[in-house]
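K.L.:
So the chains spell out like this:
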Amino acid sequence: MKFTLSWLKEHLDTTATLDEILYALTDLGLEVEEVSDPAAKLSGFTLAKVTHAEKHPDADKLRVCTVQTDEGEKQIVCGAPNAREGITVVLCKPGDYVPGIDVTLSVGNIRGVESHGMMASERELELSEEHDGIIELPSGEVGQEFTDWLTEHDPAKVDPVIDIAITPNRPDALGVRGIALDLSARGLGTMKPAKTAKVAGAFASSIGVRIDTDARDGGCAVFAGRLIRGVKNGPSPEWLQTRLRAIGLRPISALVDITNFFTYDRNRPLHVFDADKVKGDLRIHRAKGGEVMTALDDKDYTLAEGMVVISDDTGVESIAGIMGGAATGCTEETVNVFLEAALWDTIQIAKTGRALKINSDARYRNERGIDPAYNMQAIEDAAQMILDLCGGEASEVVVAGEVPDVARAYKLDTDRVQSLVGMDIPADEQRRTLTALGFVIEGDMAHVPSWRGDVQGSADLVEEVARVASLTKLEGRPLARGTDGIPAPILSRAQVRESAARRMAASLGYNECVTYSFIDQASAALFGGGTDATMLENPISSEMSHMRPSVLAGLLQAAARNQSRGFHDLALFEVGPAFSGGEPDDQQVQISGILVGRTGPRDVHGEMRSVDLYDAKADAEAVLSAIGAPAKVQILRGADAWWHPGRHGKLCLGPKKVLGVFGELHPKVLAEMGVKGPVVGFTIYPAEVPLPKKKSATRPALAIRDLQAVERDFAFVVDTDVEALTLVNAAAGVDKVLIENVHVFDEFTGETAEAQMGAGKKSIAVTVRLQPVDKTLKEADIEAVSAKIVEKVAKATGGTLRG
Amino acid sequence: MDDLRDKYIAAIAAASDEAALEEIRIAAVGKKGEVALKMRELGKMTPEERQSVGPKLNALKDEINTALTAKKSALSDAALDARLATEWLDVTLPSRGRPQGTVHPVSQVTEEISAIFANLGFAVAEGPQIENDFYNFDALNIPPHHPARQEFDTFYMHRAEGDDRPPHVLRTHTSPVQIRAMEKSGAPIRVIAPGRVYRSDYDQTHTPMFHQVEGLAIGKDISMANLKWVLEEFFAAFFEIDGIKTRFRASHFPFTEPSAEVDIQCSWVDGQLRIGEGDGWMEVLGSGMVHPKVLQAAGVDPDTWQGFAFGMGIDRLAMLKYGIPDLRAFFDSDLRWLRHYGFSCLNQPTLHGGLSR
Chain A
1 MKFTLSWLKE
11 HLDTTATLDE
21 ILYALTDLGL
31 EVEEVSDPAA
41 KLSGFTLAKV
51 THAEKHPDAD
61 KLRVCTVQTD
71 EGEKQIVCGA
81 PNAREGITVV
91 LCKPGDYVPG
101 IDVTLSVGNI
111 RGVESHGMMA
121 SERELELSEE
131 HDGIIELPSG
141 EVGQEFTDWL
151 TEHDPAKVDP
161 VIDIAITPNR
171 PDALGVRGIA
181 LDLSARGLGT
191 MKPAKTAKVA
201 GAFASSIGVR
211 IDTDARDGGC
221 AVFAGRLIRG
231 VKNGPSPEWL
241 QTRLRAIGLR
251 PISALVDITN
261 FFTYDRNRPL
271 HVFDADKVKG
281 DLRIHRAKGG
291 EVMTALDDKD
301 YTLAEGMVVI
311 SDDTGVESIA
321 GIMGGAATGC
331 TEETVNVFLE
341 AALWDTIQIA
351 KTGRALKINS
361 DARYRNERGI
371 DPAYNMQAIE
381 DAAQMILDLC
391 GGEASEVVVA
401 GEVPDVARAY
411 KLDTDRVQSL
421 VGMDIPADEQ
431 RRTLTALGFV
441 IEGDMAHVPS
451 WRGDVQGSAD
461 LVEEVARVAS
471 LTKLEGRPLA
481 RGTDGIPAPI
491 LSRAQVRESA
501 ARRMAASLGY
511 NECVTYSFID
521 QASAALFGGG
531 TDATMLENPI
541 SSEMSHMRPS
551 VLAGLLQAAA
561 RNQSRGFHDL
571 ALFEVGPAFS
581 GGEPDDQQVQ
591 ISGILVGRTG
601 PRDVHGEMRS
611 VDLYDAKADA
621 EAVLSAIGAP
631 AKVQILRGAD
641 AWWHPGRHGK
651 LCLGPKKVLG
661 VFGELHPKVL
671 AEMGVKGPVV
681 GFTIYPAEVP
691 LPKKKSATRP
701 ALAIRDLQAV
711 ERDFAFVVDT
721 DVEALTLVNA
731 AAGVDKVLIE
741 NVHVFDEFTG
751 ETAEAQMGAG
761 KKSIAVTVRL
771 QPVDKTLKEA
781 DIEAVSAKIV
791 EKVAKATGGT
801 LRG
Chain B
1 MDDLRDKYIA
11 AIAAASDEAA
21 LEEIRIAAVG
31 KKGEVALKMR
41 ELGKMTPEER
51 QSVGPKLNAL
61 KDEINTALTA
71 KKSALSDAAL
81 DARLATEWLD
91 VTLPSRGRPQ
101 GTVHPVSQVT
111 EEISAIFANL
121 GFAVAEGPQI
131 ENDFYNFDAL
141 NIPPHHPARQ
151 EFDTFYMHRA
161 EGDDRPPHVL
171 RTHTSPVQIR
181 AMEKSGAPIR
191 VIAPGRVYRS
201 DYDQTHTPMF
211 HQVEGLAIGK
221 DISMANLKWV
231 LEEFFAAFFE
241 IDGIKTRFRA
251 SHFPFTEPSA
261 EVDIQCSWVD
271 GQLRIGEGDG
281 WMEVLGSGMV
291 HPKVLQAAGV
301 DPDTWQGFAF
311 GMGIDRLAML
321 KYGIPDLRAF
331 FDSDLRWLRH
341 YGFSCLNQPT
351 LHGGLSR
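Chains as they are written, first to last, in full-length UniProt numbering: chain A, 1 to 803; chain B, 1 to 357.
Calculated from the structure, these hints are not laboratory results.
A quick note: this is a predicted structure, and the numbers were derived from the prediction, not measured.
Wrong hints could be hidden among the right ones.
Unchecked claim - With a cut-off of at most 25 Å between alpha-carbon atoms, the simulated DSS-like pairs for lysine-lysine come out as follows:
| id | chain 1 | residue 1 | chain 2 | residue 2 |
| --- | --- | --- | --- | --- |
| 1 | B | K220 | A | K411 |
| 2 | A | K195 | A | K9 |
| 3 | B | K44 | B | K32 |
| 4 | B | K220 | A | K473 |
What the hints assert, rightly or not - Covered stretches of chain B, as calculated for chain A (at least 3 residues, CB under 8 Å):
| id | region |
| --- | --- |
| 5 | 98 to 104 |
| 6 | 154 to 164 |
Built from N, CA and C at the ideal position, the CB exists for glycine as well.
Could you build the full structure based on these sequences and the hints that come with them?
P.N.:
Following this line, the structure appears as structure tokens:
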């Protein structure tokens with residue numbers, strides 16, 4: 001909302017400085033976004049008088065002037081045709097910055113004559129485009145500040161323009177008068193009385209108005225109009241044009257400018273029809289759907305069923321409260337004008353405006369709410385202004401519908417202000433504030449002014465009192481602790497786990513990423529998503545159209561971006577949400593990491609190698625361990641299609657309880673996402689990891705056996721598709737007390753192995769550690785266990801001891 | 001006997017390796033060595049002679065043995081020194097690689113914020129990011145078609161044909177967690193709710209996803225003055241600057257009343273922002289007293305309970321504290337950025353150990 005200081009002063013009698021007003025506006029909740037003060041760039045320029053002028057000895061078009069200034073007589077060379085003895089001019093001295101030519105002056109020498117400054121034209125001071133000669137002032141004293149002279153004689157030229165942000169609850173501040181009222185309540189001046197006119201109707205309006213039944217509810221409460229005939233439309237007077245231009249509006253014609261004036265002056269949108277182009281009466285009704293109207297912005301709008309419009313006998317002439325039609329718009333030739341002041345349903349305006357994508361000043365105000373009580377006065381005030389500026393004769397007012405009664409009152413509990421805000425504001429002051437804002441206090445009830453539709457309860461009264469009193473003055477007061485003593489931990493188990501997983505992954509060398517929750521459809525589809533259920537209705541781009549089904553997708557995109565920047569060895573992870581569907585419950589936390597490229601740069605120790613799935617497995621196990629997963633898990637195959645079918649494992653507690661997956665990413669997925677592989681990675685589902693049943697800090701007692709442990713190695717020949725874990729579990733199961741550990745230390749596989757052991761065979765070697773509990777093992781005991789291990793492994797895997 | 005001693009001590013001193021030393025040992029104190037032979041002769045002596053010679057022989061045996069041990073150890077030390085002298089390595093070669101991971105600034109700052117508010121008794125609440133419009137709007141006193149809804153640049157989820165429910169939204173703020181938290185545990189309550197939020201906006205200073213932290217404190221007599229104190233305490237702790245000033249400006253949010261935007265003290269020196277000094281102000285958050293309608297919507301009686309709520313940008317706090325210039329880079333995962341602005345895994349923020357190191 002833009003306005004000028006002089007416009008504000010039309011409503012507010014104040015001696016406050018611009019800075020005081022700006023501070024108060026922001027502090028009141030009318031946040032100042034921008035101020036342009038034309039006086040700022042003119043400060044320092046003073047008036048001077050030319051006492052003598054003669055032709056430059058060496059140039060026909062230049063004059064050498066003697067100028068009386070506040071610093072005595074100066075010699076100035078000037079090329080302006082009007083530079084002559086006796087005129088009062090605006091002086092720019094050496095050292096001054098002249099905005100219109102972007103030059104800081106210095107003492108010049110023009111064809112052999114010294115020049116001590118310049119006399120400015122309007123263009124040189126950015127006052128107008130005028131540059132035919134230097135400024136000649138009709139009055140003014142030598143040495144007077146030019147800005148002071150302007151303030152006195154031509155205030156519009158130094159009128160500061162203020163732009164404030166209006167929160168949706170304050171449509172009243174979309175009119176300059178409403179802003180003035182806030183400032184007056186703050187004590188920055190007193191309100192000038194509103195100009196109220198009463199224009200007697202000289203004849204009956206030839207245009208009638210009516211509201212169809214279907215448009216009364218949620219459409220139009222009241223529609224008032226009157227015909228003004230014999231007007232002369234043309235450019236509006238200079239003061240009005242200047243005012244509109246200052247706030248960025250283009251003056252069009254007197255009639256249109258008057259409606260714009262009311263829009264900004266009183267938050268009162270109006271409309272003017274060229275009455276000669278209206279056929280028959282005006283009817284407010286709901287559109288059937290499909291009607292097309294060309295609006296004042298020269299665009300065609302196709303109306304949807306139910307939109308509220310104004311029609312004459314030939315069809316739709318206005319999108320009510322939003323934008324009028326071009327066919328009945330006023331032009332310079334308009335002589336008979338029909339003035340409209342109506343009250344539209346805010347929701348209906350918002351819906352229609354949004355559907356048609358029209359952002360007009362009228363829509364902006366009508367959807368936020370204008371003052372209903374002003375409707376009938378507005379048509380008088382606007383008619384008066386038309387008569388004043390355009391002449392003519394006004395008809396009686398025609399009205400359809402009724403001005404709604406918005407009278408209401410709420411209890412003002414002055415103690416509540418104290419308790420809620422925590423500021424000492426005396427009860428009298430609270431009542432004074434509300435009265436100043438237009439409330440009427442009766443006992444402890446505050447009657448709400450008609451223009452404050454936002455005030456809907458006692459709490460709103462507190463807000464009014466507090467903001468006028470100034471929240472800047474609020475002093476902090478310690479918040480009592482919720483409990484005495486040492487605060488208890490506040491994080492949930494899940495939150496602790498996320499933090500632990502994050503720090504574990506970082507400790508393993510992964511860099512944490514935060515990638516967008518939405519990705520492109522194709523990438524989403526690669527990870528089992530990309531369906532309509534997770535689609536955004538209004539994505540910001542096609543790259544961000546679907547909620548991601550997996551954190552891995554975002555990490556792979558991050559990997560591709562880094563590869564294109566020349567970084568090929570990557571360890572990235574993210575702890576974040578993934579979305580299995582489009583409902584609030586369909587969100588799960590995933591912890592995913594990827595390893596790309598090599599384990600590190602080439603090194604002198606020869607340790608660099610390509611990352612492989614056992615790296616990912618180790619990291620997955622470490623992260624699972626960090627979040628408290630059981631050490632013993634099953635490893636199953638058959639995870640989702642984005643994993644390499646033969647090179648992944650699901651870390652499970654039973655076939656349906658998948659804690660996480662590790663493995664190599666499917667090469668096809670990598671190719672489609674533009675990642676140079678291979679890439680290994682993991683995804684952990686922390687919600688699947690069971691919480692410990694009982695929370696106790698006590699550890700089980702440590703059992704250390706003093707008896708000598710014995711290790712025995714076994715090498716088995718098995719089929720190549722036998723999994724090591726099957727063999728290990730078989731061996732370990734032989735004697736769960738005695739066998740402490742079974743550890744795979746070698747796998748011999750490939751062509752050489754098959755050459756030795758037969759086609760389709762490999763060898764797996766394990767160390768079995770036996771820890772006796774109550775007596776030292778004798779060779780016979782060891783032999784017995786060994787025999788059982790061989791037997792069990794043979795039974796479980798078909799393997800035989802390698803000879 | 002002295003001859004014997006001199007002979008062997010000299011021989012031991014002259015021995016050049018362990019084998020020579022062993023030969024000397026056998027010749028001197030071995031079972032058939034010279035000292036042993038002398039010992040045998042003791043039997044043939046008179047008791048008096050035996051009394052004087054015996055101890056001398058024993059002393060001689062001990063002396064030779066000691067000399068042998070000392071020489072043996074000297075020889076092995078010399079051998080070790082000689083070996084070590086050949087075992088020279090270039091210690092300036094690079095060490096074995098130890099990958100250094102990092103924690104993202106958003107995670108780090110979220111933990112910092114949690115640590116501070118935990119001290120004031122605030123728990124951490126969570127809520128879904130795909131939200132229904134009741135929690136994101138209606139319950140927060142933003143009715144349908146209210147202009148305030150338009151100001152959020154909301155992302156809507158697609159609705160299948162025939163599903164007539166209002167479309168779900170990507171939560172535009174963390175405020176819906178207020179409602180969910182109060183529904184779950186009623187009043188009194190103190191929670192913060194950090195997390196991702198979404199708005200359809202992308203330019204120099206906006207990304208369609210960013211992070212907010214909501215704060216909510218409801219009690220019997222919690223006032224806006226308490227809010228101011230809590231925020232001032234928070235900023236002092238977070239920015240690690242004592243006495244940092246805040247300024248409250250009246251504003252409007254549908255879910256609070258009165259509402260205030262809050263600025264923190266700052267100054268610009270040579271184009272660099274300095275928090276907590278000077279007389280400039282920077283807007284950092286929106287806040288206010290929870291609107292009675294919001295309490296009602298969450299099942300909390302507004303005649304009994306009152307309190308404050310606030311919401312601020314986590315990414316923005318991270319940028320201000322750690323001097324990170326560009327919001328968009330937060331979500332780009334550029335390895336150079338992650339390494340430069342990320343945090344060590346061991347740098348877990350605590351109040352007793354300090355938030356930043």
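K.L.:
It remains to establish, for every hint, whether it holds in the given structure.
P.N.:
Cross-check of the supplied hints:
The suggested pairing of B:K220 with A:K411 holds, with an alpha-carbon distance near 21 Å, which does not exceed 25 Å. Distance check on the hinted pair: A:K195 and A:K9 sit about 14 Å apart at the alpha-carbon level, within 25 Å; holds. Under the criterion of a C-alpha separation no larger than 25 Å, the hint pairing B:K44 with B:K32 is consistent with the structure, at around 18 Å. With a C-alpha separation of about 23 Å, the suggested pair B:K220 and A:K473 falls inside the 25 Å cut-off, and the hint holds.
With 7 residues bearing a CB less than 8 Å from a CB of chain A, the region 98 to 104 of chain B meets the requirement of three and the coverage assertion stands. Coverage of the region 154 to 164 of chain B by chain A holds. Counting CB-CB distances below 8 Å, 6 residues qualify, and the rule asks for three or more.
Figure legend: structure checked against the earlier numbered hints; every hint is met.
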